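Colleague: Everything in the sequence shown is counted per the working numbering, starting at 2 for the first residue and increasing by one.
It should be emphasised that the hints constitute simulated quantities derived from the structure, not laboratory data.
Treat the hints with care, since some could be wrong.
Claimed, not checked - Below, a list of computed lysine-lysine pairs in the DSS-like style, where the Cα atoms sit at most 30 Å apart:
#, residue 1, residue 2
1, K127, K63
2, K123, K388
3, K123, K63
4, K388, K127
Note that the coordinates shown come from a computational prediction; the quantities given were computed from them, not determined experimentally.
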Amino acid sequence: MEIEILSRETIRPTTPTQPHLRWHRLSALDQLAPQMTFHLVLFYPINGGDQSPPAHREAVLKTSLSRLLTSFYPLAGRLRREGLPPNGTASVECTDEGVPFTVSRADIELDLVLQNDDRYLKHYDKLVPRDRSQLDYGQPLLHLQLTHFSCASSALGICIAHQVADSSSFSLLLNAWSASARLSGIGPQLTPRFTAASIFSPLNPPPPDLILPSHCRLHPRRFLIGARALEQLREGTTVRGAPRPTRFEAAVGVVWRCARRAREGLTNLCLIVSLRPRLSPPVGVDVFGNAWVMTATTTEEGIREALSTIDGEYARRVMAGEVHVEGHDEGGSALVFSGLLRFGFYEADFGWGRPRRLGFTNQDAGELAMFAETATGEGLEVWVWLKEEVMVRFERDQEIAGLVSHIDREN
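Hey, can you work out the whole structure from these sequences and the hints?
Modeller: Laid out in structure tokens, this is it:
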């Protein structure tokens with residue numbers, strides 16, 4: 002798949018940001034987040050009722066983004082360090098410098114890309130506008146790329162700085178943007194509040210920047226766990242007298258079991274967990290920023306216990322530096338699991354229908370497993386990045402192989 006860059010433009014807010022909003026303070030959890038970007042690709046086919054030319058989609062996205070940045074004004078700014086290390090504090094300077102928007106063209110039809118995962122997953126990096134994940138000071142916090150396929154379908158690639166947004170905030174941004182495109186504005190339920198620093202007070206002195214270590218090239222794989230297979234997993238892992246595992250817990254369990262065997266050694270399981278519903282009072286989805294922590298376990302039975310320990314006290318200990326996530330803090334042997342469930346990424350309709358597929362790229366985050374909902378809401382989509390030799394053993398694992406063959410018969 003070859004990509005040709007057609008244009009590059011910087012989109013700025015329609016209305017200038019007020020002087021009293023010049024600086025956006027990072028919260029403690031923003032400060033603790035890694036300096037990297039999160040990548041998402043949304044694939045939009047040409048629908049029967051939508052015959053809009055590519056130029057129309059491009060114009061709608063740019064115009065609505067400009068309106069949106071008036072409300073999401075920090076994303077048009079730049080990450081700065083106030084003062085010198087080690088005591089210098091990172092903040093976002095809301096300068097309205099804007100968001101880079103790239104338009105490109107692919108020499109292939111969308112159906113061919115989506116029907117041949119083994120061949121094209123490794124090319125998804127070409128559909129996102131950054132060639133690396135690490136974020137530098139003074140660089141844009143949000144990057145966008147619209148790619149037109151030869152069939153007139155399109156892909157929207159988005160990169161957002163993890164230091165200013167978690168998955169929930171990313172979802173808020175995406176759904177507000179699509180609403181702005183369809184309705185020429187966003188309602189109060191999609192208007193962000195930049196108040197995370199008042200909930201998670203910034204650390205002083207700030208922690209050192211968390212820059213993830215470089216990793217060898219990882220190999221991506223995507224597979225589906227169908228609804229029936231998922232129910233069988235839940236039934237098969239239920240412990241007598243204990244509640245049934247959730248869909249996420251059951252899926253994490255099977256992927257972890259197979260990954261441990263593929264790695265041929267002890268693998269700590271690190272779970273990324275949202276704090277938003279676990280605090281009292283809960284942190285609203287409209288509070289823009291990071292509200293997640295990481296926990297770990299070494300046993301499958303410990304997954305639910307690890308999740309149950311996440312509360313306000315655990316968050317306080319994380320911010321105080323009292324929590325050591327074994328195997329992750331050193332950039333070591335842990336496998337990280339992240340659930341992107343109930344975020345509504347498939348609701349991102351800009352006026353030409355919902356996305357047919359989501360795509361993810363992982364350039365520098367290390368070995369990772371991500372779990373997302375399918376377009377129909379039934380079953381789960383699993384994305385796994387492992388070293389080449391580990392991935393070969395992982396795919397040959399009988400448990401995974403049986404699961405995939407079952408899925409093929411289901412779908």
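Colleague: For a quick check of understanding: which of the numbered hints are violated here, in increasing order?
Modeller: none
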